[in-house]
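The numbering of the first sequence is the UniProt record's numbering, which starts it at 1 and goes up by one.
Read the hints as simulated data drawn from the structure, not as lab findings. Treat the hints loosely; a few may be bogus.
Claimed, not checked - No farther apart than 25 Å at their CA atoms in a straight line, the calculated lysine to any residue pairs in the SDA-like style are these:
(1) LYS700 / THR588
(2) LYS597 / LEU618
(3) LYS491 / GLY509
(4) LYS609 / PHE676
(5) LYS597 / LYS608
(6) LYS619 / GLU716
Said to hold, decoys possible - Quick list of simulated restraints, FRET-style, between CB atoms:
(7) GLY453 / LYS107: 27 to 35 Å
(8) ILE402 / LYS507: 37 to 45 Å
(9) PRO253 / ALA48: 38 to 46 Å
(10) LYS209 / GLY54: 53 to 61 Å
(11) ILE286 / LYS609: 26 to 34 Å
(12) GLY453 / ASN589: 23 to 31 Å
A virtual CB, placed ideally from N, CA and C, is assigned to each residue, including glycine.
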Amino acid sequence: MTRNIMSTLSFEIHPFQSYSSSSFQIENPKPNLLNSSSKESTVDIIHAKVIKNGTIQHLHVGNYLLNLYVKSQNLGYAQELFDEFSDRDVQSWTILIAGFNRIGSSKMALDLFTKMQKESISPNKFTFSSVLKCCASVNDLRMGKAIHGLITRDGIILDVVLVNSILDFYVKCGAFNYAEKLFELMTEKDTVSWNIIIGAYLQIGDMQKALSLFRWLPVKDVASWNTIIDGHMRNGLESNALDLLYQIVEIGPVFNEATFTIALVLVSSLSILELGKQIHGRVLRIGIHNDGFVRDSIIDMYCKCGQMEKASVIFQSLPQDFVRHNSKISWDESVVGSISCSVMVAGYVLNGRLEEALKVFGTMVREQFEVDKFTLTTIVSACANVGLLELGQQIHGHLLKIGHKVDVFLGSSMIDMYAKCGRLDDAWSIFRQTNVRNIVLWTSMISSCALHGQGREAIRLFELMQNEGITPNEVSFVGVLTACTHAGLVKEGHKYFKLMKEVYGIKPGVEHLTCMVDLLGRAGRLDEIKDFIYENAISHLTAVWSAFLSSCRVHKNIEMARWVSEKLLELEPFEAGAYVLLSNTCATNHRWDEAAKLRGLMQEKGVKKHPGQSWIQLKNRVHTFVMGDRSHPQEAEIYSYLDNLIGKLKEIGYSTDVNLVMQDVEEEQKEVLVSFHSEKLAIAYGLICTSHGTPIRVMKNLRVCTDCHNFIKTCENAVEEALGVN
DNA sequence: TTAGGGTTAG
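Using the sequences plus the hints, can you model the full thing?
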């Protein structure tokens, strides 16, 4: 039976509560769409009746009932019923085997098949078809071959349907030679046979062969079209897939559910919202919007096109019944399944709405939905983005406990999560434990080293990865270039930039170009940046000028800063960053009047700067602070603690760095302003609330300022406890 | 025979 991960999950998602003007608020979700009703299902009623009138004693009635439970994916009851049978025929076994296979419990199904043989029940062609499907889904080529042998040995009549299922099995297990041979030997072939073999060519990426067979195929059914469109999409040929989709509209058969699903996935990957809406409209007109596949694809399409409100409306409008694997489910097909929830979680994460993602996830846990590795991957990624180390660790522990294999997706997001939460060692340990490593997993580890300033290590990994025959992609280059930047490895940076363009043929994107500007800028080579910008014809890129400006500030070059910010503001007159950076540069150079002018200009134009925020998670609450925040219930205690702490730190050499305060105010007042930066408030609160030796992790939406950086450093020097502050 | 959800940068 499919294992419901949550049945062994020990953690609970507690409601978070946050104070102050937080953008990160996780409340106890209101179960508005989650009032699961436990209405008695139709199968149960039938069950009760046949028991009462005694017809359950008849095998065919029992099998009929068994089939009803299986069809409603109610395998627990199906198994119970099956166990109660005094007599079982091949049909009883086959129904149950197929049922377990359908819900993804291929192992259970195969065990049943073994038991059935032990009881000397001869399988029929339906049994064989089902068992072959199981072999395909657990990728057991050997077992499948043995079944193939059994079919031949037992003299089962090889009708085209059965041969097709053998053919399909070989294709799914990647045994193309067997499939090709079998296909050649087939005396009778139907469209299904052709569809399977076309699918095989698509699977190995032989587009020409697949397309020529498809063109030649005299009778193309909707599955032929679905196969060829989907195959193009999976091979990264989205525009060809779109052409084919238009062709099926013109000359092909009527769409079925699969066509709509494929079309919606295509639309999502191309982000063509308008077409997606049209498809949605057609789905509604035809009335197949309650099909699970179609519905989830529609929700996903809106998520991927950034239309979370629309996605949420559809999600919330679904009937208030829930499908949970292995539990009683409604007969009504239009129920929210765990995949719908999973899609919503992923959508919220994708669109940066992490608190909402966690809300849906919390509901899934509470309502005992099946939380599979898809959902967990997304949640771990959400943890990475907000620094929820505890939840990430709990998921990790849970995976260990249930012995769940960490695949490349989960592995990558866990590496990222640990690294972003300041635990590079744990990121390494995940990396070392993985036996299958794809480009994303490698890149996660490379970027993690880069994030922690371990440039040389990142480069070593990058080289190791290449030696293993993995081709770096554009993200890997962002990682290695960032590593060079953070470690001041200018020469290496140039080397990899060249490698990317010339050896791997990757066109530098904004991220790579910005990295290069940053690399030169940190090394103080401001003049070289100018050359770089003009050589690469990238003077139209805002991000590049922002990086340049930030370098000007670091190197206190006010003339250059003025010139750069002019360029930047020409491109982006409402970009707060330019004003802030330039005025900070002016302030650093004590040009108060200029700084004030810029502030005035900002106000005049209505340019708003993102307020700096810091938050800390203590127990199950997230406490958020902004500069000079007085909204926290314990504000008096926080301020007096901080005041006291700063006093003590000053005794051992800390002095407030007021250069970053852009206002022209008295020195004393400047000191007050930097003293109440949000991160200091969060740290103070963390120190108040935790016992000696507890690491303190503070998350921020902006970069830490120099003064806070020094403040933390002095804290670390002063106190022996390692304050694991990010 | 065909179809849905997940990872890395920014």
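These are the hints, each one checked on the structure:
Between LYS700 and THR588, the direct Cα distance comes to roughly 23 Å. Compliance with the 25 Å bound is thereby established for this hinted pair. In summary, the hint linking LYS597 to LEU618 is not supported, as the alpha carbons are separated by about 41 Å, beyond the 25 Å threshold. Straight-line distance between C-alpha atoms of LYS491 and GLY509 comes to about 20 Å, which keeps the hinted pair within the 25 Å bound. With a C-alpha separation of about 18 Å, the suggested pair LYS609 and PHE676 falls inside the 25 Å cut-off, and the hint holds.
Taking the CA atoms of LYS597 and LYS608, the gap is about 15 Å. The hint holds against a cut of 25 Å. With a C-alpha separation of about 23 Å, the suggested pairing of LYS619 with GLU716 holds against the 25 Å cut-off. At roughly 46 Å, the beta carbons of GLY453 and LYS107 sit outside the given window of 27 to 35 Å. Checking the proposed 37 to 45 Å range against ILE402 and LYS507 shows it holds: the Cβ atoms sit about 44 Å from each other.
Between PRO253 and ALA48 the beta carbons are some 43 Å apart, a value that agrees with the proposed interval 38 to 46 Å. Roughly 59 Å separates the CB atoms of LYS209 and GLY54, a value that falls within the hinted 53 to 61 Å. Judged by the Cβ atoms, the range 26 to 34 Å given for ILE286 and LYS609 is violated: they are separated by roughly 50 Å. Hint check: GLY453 to ASN589, Cβ distance near 28 Å, so the stated range 23 to 31 Å holds.
Hints 2, 7 and 11 from the list above are not met by this structure, while the remaining hints are.
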